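Chains as they are written, first to last, in the UniProt record's numbering: chain L, 1 to 408; chain E, 1 to 408; chain B, 1 to 408; chain G, 1 to 408.
Hints in this document: simulated from the structure, not taken from any laboratory. All figures in this text were calculated on a predicted structure; none of them were measured in a lab. Glycine residues also receive a C-beta, built at the ideal position from the N, C-alpha and C atoms. If a hint is listed, it holds; no wrong ones were tucked in.
To be clear about the criterion: a stretch of chain E counts as covered by chain B if any three or more of its residues have a C-beta under 8 Å from a C-beta of chain B, and this derived list gives those stretches:
#1 9-21
#2 183-190
Take a look, some chain G residues computed to stay more than 12 Å from chain B by CB distance:
#3 K6
#4 W114
#5 L123
#6 E275
Footprint (simulated), chain B over chain G, 3 or more residues, beta carbon under 8 Å:
#7 209-222
#8 380-386
Number of protein chains: 4
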Amino acid sequence: MQNKLKIINDPVHGFIKIPHEILFDIIEHPYFQRLRRIGQTGLLNLIFPGATHTRFHHALGAMHLMFTALETLKQKGVKISEEEEKGAMLAILMHDIGHGPFSHALESMLMDDWHHENLSLLLMNRLNDQFKGELSVAIEMFQGKYHRKFFNQLISSQLDVDRLDYLKRDSFFTGVSEGSINTQRIISMMNVCEEGELVIDAKGVYSIENFLTARMFMYWQVYYHKTSALAEFLLVKILERAKHLVSLGVDLPATENLKYFLYRGKSAATDEDVERFTQLDDNDVIQAMKNWQNSDDFVLSYWCRCVTQRNLPKTIISSHSFDPQFIEEKIKKTNEYFGIDNGSELVHEIKRKLLPYNTEKQPIYLLQKSGEKIRLEDSQDQLLSGLMVNKTTRFILTFPRDISHTIS
Amino acid sequence: MQNKLKIINDPVHGFIKIPHEILFDIIEHPYFQRLRRIGQTGLLNLIFPGATHTRFHHALGAMHLMFTALETLKQKGVKISEEEEKGAMLAILMHDIGHGPFSHALESMLMDDWHHENLSLLLMNRLNDQFKGELSVAIEMFQGKYHRKFFNQLISSQLDVDRLDYLKRDSFFTGVSEGSINTQRIISMMNVCEEGELVIDAKGVYSIENFLTARMFMYWQVYYHKTSALAEFLLVKILERAKHLVSLGVDLPATENLKYFLYRGKSAATDEDVERFTQLDDNDVIQAMKNWQNSDDFVLSYWCRCVTQRNLPKTIISSHSFDPQFIEEKIKKTNEYFGIDNGSELVHEIKRKLLPYNTEKQPIYLLQKSGEKIRLEDSQDQLLSGLMVNKTTRFILTFPRDISHTIS
Amino acid sequence: MQNKLKIINDPVHGFIKIPHEILFDIIEHPYFQRLRRIGQTGLLNLIFPGATHTRFHHALGAMHLMFTALETLKQKGVKISEEEEKGAMLAILMHDIGHGPFSHALESMLMDDWHHENLSLLLMNRLNDQFKGELSVAIEMFQGKYHRKFFNQLISSQLDVDRLDYLKRDSFFTGVSEGSINTQRIISMMNVCEEGELVIDAKGVYSIENFLTARMFMYWQVYYHKTSALAEFLLVKILERAKHLVSLGVDLPATENLKYFLYRGKSAATDEDVERFTQLDDNDVIQAMKNWQNSDDFVLSYWCRCVTQRNLPKTIISSHSFDPQFIEEKIKKTNEYFGIDNGSELVHEIKRKLLPYNTEKQPIYLLQKSGEKIRLEDSQDQLLSGLMVNKTTRFILTFPRDISHTIS
Amino acid sequence: MQNKLKIINDPVHGFIKIPHEILFDIIEHPYFQRLRRIGQTGLLNLIFPGATHTRFHHALGAMHLMFTALETLKQKGVKISEEEEKGAMLAILMHDIGHGPFSHALESMLMDDWHHENLSLLLMNRLNDQFKGELSVAIEMFQGKYHRKFFNQLISSQLDVDRLDYLKRDSFFTGVSEGSINTQRIISMMNVCEEGELVIDAKGVYSIENFLTARMFMYWQVYYHKTSALAEFLLVKILERAKHLVSLGVDLPATENLKYFLYRGKSAATDEDVERFTQLDDNDVIQAMKNWQNSDDFVLSYWCRCVTQRNLPKTIISSHSFDPQFIEEKIKKTNEYFGIDNGSELVHEIKRKLLPYNTEKQPIYLLQKSGEKIRLEDSQDQLLSGLMVNKTTRFILTFPRDISHTIS
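So here's chain L without its partners, still in its complex pose (with noise of 0.2 Å):
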C-alpha cells in the first residue's frame, strides 16, 4: 500500500502526489489508462506541435487542483472529512472517464446521442460495483446531488478545477501564453460562503478577470483557430462519410472495434457497446485515416490526405456569416476543377461561438470583507466582466486549397 502513494512528474504543476489508495487503484484501472491514448487536445497538434498532451495527464492534473483547493479551503477554516476529499478528489479524477477518441468531435458520432458525461457517469457506476461502492460520495458529488454544494462546483461549473487545468494545460503545451493563468493564486482566493456555495475572495477580482480573459483568449487563438476549426470538423465529416459508405455497403479497412461503430445503427446502448468503446482511442481512428487515404471514394480519401498528410485546404474567418452567392461560386470552382458535380461535399461553413462569461447560469460570486456575497459583474472593482456578457460569433469559409490559386 505505501507502495500506491506515488509521485508523478508534470511539467505544469511540478509533482502530482496521490494521498489516497483508491485513487491509485482507479488509476491503475484499464478504463483510466486508455486515456493515455485519447489526445486533450484532438488534431490540435496540427496547428500546435506541441499539444500532443492526453486526457490521462489533465485528469492527473485536475485532480492534483482539487487536493490543493480542498487544502486551502480547510486553511481557511472549512471543515472538509477525510471521505469527502477522497470523493472529491474521484470525482475529479474520473470526470472525463467516458471521453472517446477525438471527442468533443466524435462524440456523438460513434453511439447516438451519447455524451460523454453520460458515459463518464456509466462508467463510474460501472466501477463502483467492481470497488464496492467506494466511489459513491464521489459520484454524488459529479451528480450534484452531494448535501454540499461546493464540491459540485469545484467539479463543473465557470470556475471548477476542471477548467483551471486545461487552460493552463493547453497554454503550457501549445506554447500559447496568452492562455497562461495562475492557478495557484486562483484557488488561493477559493471560499466557501455561508450556504455552501464556492466564492471567491473580494482581492482575487483580477485574478478571476484575468482568467475571464485568458479562456477567451484560448478559445479563439487555439480551439476556435480557424484552421483548428477545420481540422475538427474534417473529423467529423470523414466518419459521417465513413458510415455513409458502409451503410451503402462499401467495405473500409478498420480496427475490429472501429468497424463495430461504423456499422451500428440508432438503437439503445447495449453491454457490448460499452465495452467496446472503453477499447477504442485515437490509435484507431488515425490508423483508419491513413488506410482511407486509398479509398475508392474521393471525398472521404480527400479528407483521409488532407488530415494525415496535414495538406488542409483553405479556410477564410470572417464575423460575418458569407453570402450564399460566395458560397456557391466556390462549389462551382471545385466542381471545375477537380471535375466533379458534388463539390459542395468540399465547401462549407463552420460556426464558432463563444460567450466568455455566462451570468445566468452559476455566476461567479465573490466574497466581501463583510462577509456579503456578491456577482463578480456587480463588484465595483470589476474591470471587464460586465463587458463580457455578450456571445462572440464567428464564421469560417472553408474550400478546397487547390482552386484558391484561380480565386485571390
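Once you've looked at the hints, dock chains E, B and G against the given chain L.
Then chains E, B and G, alone, in the frame of chain L:
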C-alpha cells in the same frame, strides 16, 4: 574594443548582448551607472518584496527589445542602416537617464516643473557633447524629429519597447503573473507600413489585446494598488513637508545634494542643479527618511516611521469619491486620538485613473494581409479593444491605522 | 512564398521561424509529416506522462537552434553564406527523418542492420532527387564531407544542436528539471577556431559542465530509468516474439505495412521496403499490441497486456550483474506461478551503460582568450569534466510482478 | 488577527502564506523590516544586475520552504505539533536577523569578532523578551538544543531550507540557470529516520546530486566570480581604510550610526552597539562610499570611485597562487603609473575555496527502501557525490586597470 561587446545576464530576457561599442561607453558613464541606485518601481517593494529591480536593468532590457524588434523588421524586408540601429538602441538606452530618485513620485518635487523627459534630453545633449555628436541620430529619434516615424514609435507610443520591457519586468519581479506579456510574440508581429509607421501584423491581434489587458491589470493590481498608491503619496508628502519645514528655518539632516534641492527655490535650472541632480539617488532619500523618523515635527516623523518601518496608514478604496462628512469624521478622530489639531494632514483622498486604450492619441494599427492599415478597434477580429476605451477612476482614502480600531 | 515563412509555436524555445522556402517544403513533405506520429521518447510516457512530444517537434526545435547558432557565429565574425545556412538548417531538420516507430528500440528489428542514420541518408537522397539537388550541401554536411568541419559538428558531435534540443525538450516535457540546460547560453558561447572547428569560448566552461551533468542525470533518471529501460525492452521482445510466431506460421493481426515487415526475411533493402517504411508509425505498433493482448501465445499476450494496460513487470536495479542463481530462482518461481515451462522468457537482465564525457572521440574544445584551443578536461577552470570520463553501468533484473509477493 | 494571515507575492515560490499570527508580528518588527534594506548578495548586482533581492525576501522564502517541508513530513507520518511548526518557522524566519549591511563582507569589520549568527541569537533573545517567551522553542531549535534533531538540520545543515532558498533565489535573480534547483522535488524527498534525523528518500539521490553540482556552479560562477570576489574584497578594504584613517584623526563624512562603528575600538559589545547596529543598513555604506569618492586619501577615494561608478580594477584568475615576482612587477607599475609609493595597497591576491560536499561534518543520509540509513557517498546509485569531496581553490589577482594596457 572586443572587450566591450559584453553579454549581460537578465533573468527576464535571458541574455542581453551589447552589439555596438558606443552602447557600452554610455552604459559605463556615471550618468548611466547612477541608474543602478534608482529603483524601477519606487516603494512598490513595500508591497511586492521582489520588486527591487532598477532603472539600470530596465534600460538594458528595453535596449535588448529594441535590438530584437529591429532584427525582426529587417527580416521582414525593412531596410535599417547600422547608424539607425545604433541610434534607436542609444535612444531607448538613454530614455530614462533623467530619472531622479523615486520618480515619478518626486520628479516635480525636487526641481519645479522638471519632467524626467526634459532632463533625459538635457543629459543626452551633454553626453552628445562628450561623445562628439555620436548621439545626434539617437536624440532626433527620441524627440520624434527623425524622418522615419517608426523609430520614435518604438521608443515612445502605446506599444513601444519601453512599455514591453517594464510590463514584463515588473510582472516578473513582483510575481504578479496577470501582468505577464509575451514580448517575443508581440515583437515578432511588428511591421512597418508604407507610410513608415509602426504597425502590427493582423494575426497578432489577440497578443495586442492581451498586452492591453495585462497592462490594465498591472495598473490596478500593482502600480495603483491602494497601498502602492499610498506609499508613493506619502513620499511626496514627506518631501513637501521637509521643504516646508526647511522654508520655516528648521534644520533637517540630509546629504549635501539632497539638502541643496530642499533649499532650492523656484527658478530656472542651472548647471549646478544638473550636476547635483546626477549625483542624487534613492539612497539620499531613504537615508533622509531614516533620519527624519526622529524629527521634532510630528507629521514628518510620523510619515517617515510609517515608510521606514512599513507601518503604513489604513486605506479604503472606492470607485466613487468619498463623502466629505465621512472624511471630516476621520479627521476629527485623528485629532482626538493623537491630541493634535492638524489631523487633516494625516487624512487624504488619493485619486488614480487609467485609460486602458487611447484611441485618440497614437492608436495602434493592424496591417491586414491585403496591405491595408486599420485601427485595432476597427478590426473585425478584436474582442476587447473596443471595450477598453474609457477611463476608470478609483479613490483611495488614507487615515491613521490607530483610529480605525475605533471605527470599523 | 511569403506564405511559407511561417512561425510555429514551441513551448520550449518560444517561436520557431522558417526563414527559407525550401525548409517549409521539406516540412510539408509526407516523409516529414510522418514524424508527427512518431514519439520522441517512445514508451517513456508510461513513466513520465508529459513525454508525448514527437520527433517532428524535435526536428523543428533543432533547426531553430541551428539558426540561432549560425546567427551567433556570424555576429562573432564567422562568414557563413546563405547557401551554407540553408544547408545546415536542412541537414539538422532531416537528421532524424529515417526514424521508424519506437526507434531506437525497433530500428534494427524491422529492417535488419538498418540504422536510422542510414535510412535518414537514403530518404534525404530521395528528397534531393525530388527537389532537384537543392539538398546536396545539406547531405554533404550531414555526412561530414563538407569542407568546413564545424557544420557537421553542429549536426553531430558531443555538443551538437541535436543534443541541445532533445535534452531541453525531454526535460521540459517529462518535468525532470535536473536535465534542464540553458541552450541560449551554450549557443552564445559557441565559436569557430582557426582550423574551422567548433569551439566554446573559455568563459562558457561551467555551462558546458552543467550540460554534461544534466545529460548524465537525464540518462539515469529518465532514459535509463529502470521502468523506462524495461518498457523499451518489452517492446523489442514483443516484436521479436511476433516475428518468431509469424515464422512458425501463426497469423497475427496487424496493419498491412507492419505485417510486411513481420514477414520480411533477412535481405537487402528494396524500394518497396523503403516505401512501406515511410508509411509506418507508432500507431501501427500500438494498435498491434492492443490486438495481441488476446493472442493465444501466452508470452506475447502477457507482454502486450503489460504495456497496453501499464501493468508492468517488477524490476530491481543494481550496479553489479545479478547472481545467476538468483535469476534461476526467479525463473523457477515464474514457472511455478504460471504453470509454464518457458518462464525464462519472462525473466531478464537488462544492461545500460553511459560514458558522460568521451575524451577519445570528438573531445569538446575551449577557446582561450589568447586564441589557443584546449581540451575541456585540460582547462584549469574545469571542475567536473575530468571526473566524468568513465563509463557507469547499471543492471536491471525484470520478472513477473505476481511472483514478487512470494519473495520479498 | 484574520488580517495577519496574509499572502505575500514571491516570484520564486509563487505565494508565501503566513499561517501563524506570531510570524506576522515578527515580520512587522523593525528589526526584521530592516532586512528590506540589506541586499542578499551584496555588491553582486554590479555583475548580475538582477541580483537586487533582499535578506527580507530570502527569510520569507526560507520560512515558506520550512512550511512545505513540515507538511511533507506530516504526510509521511512524522508527528509534528503546532508548537513545533511555529518554532521551526520562527527559527528560520529569524536565522539571518543579525545580518548587517553587506555581510558577509563586513560582519567582522563593524563589530570585531561578531559573527552574524551570534547577533541573530542576541536579537532573537531580545525579541523573545518582547514576545514573552513565545520564541523559546524557536531559539532552542536554532541553537540545536531541541531534542528532535531534524528541526535544527532543516535550519542549518548541508541540505537545509536556508540553502534551498538562497540557491534557488540567487539563481532566479541573477539569471544564472546553472544554479537552479528543484526545491519542490528535494523537499518531497525529505524524511525523518528512526533516530529523529533528517534523511532523503533513496530515490531522490539524483536531485541531491544535482543540488550539490548546482551549488558548486553558483559558487564559481556567481559568488566567487572573479569580479564578485573583487567587489566584496574592495568593500572590506574600503571600510578597513576608513577605520584606519579615522584612527589617524581624519574626519570622514558618514551617517551617525556608521560613524559610531568607525570610531568604535575593540571591546565587548554594549547595548548601545546592538541598538545602533539594528539601525544600520546598506544605505549607510553606499552613501558613505558616494561621499568618500572625494576623500583626500588617494586609496580610499580610488576604491570608492571604483565601486560607485563600477569602474573596477583588473582581475586575473588562476588555480595556482601567483608568482611573487609577477605581483611585485604589478606594484612597481602601479607606483609608476600613479606616481605613488603605496601601490602595494592597490595590488592584491584574493583567495576563494570551496568544498562541494563535506563528508566529515553532517554528511547527507539516504533512507533506503529497507529502512536502512546510508551516507550519500556510499549509495550504489550515486554518480558524482563521491567525486565532489575535495576542496577547490582559486586565486584572483587584482591591480589597477590603467596599468594593464602597458602589460598585456
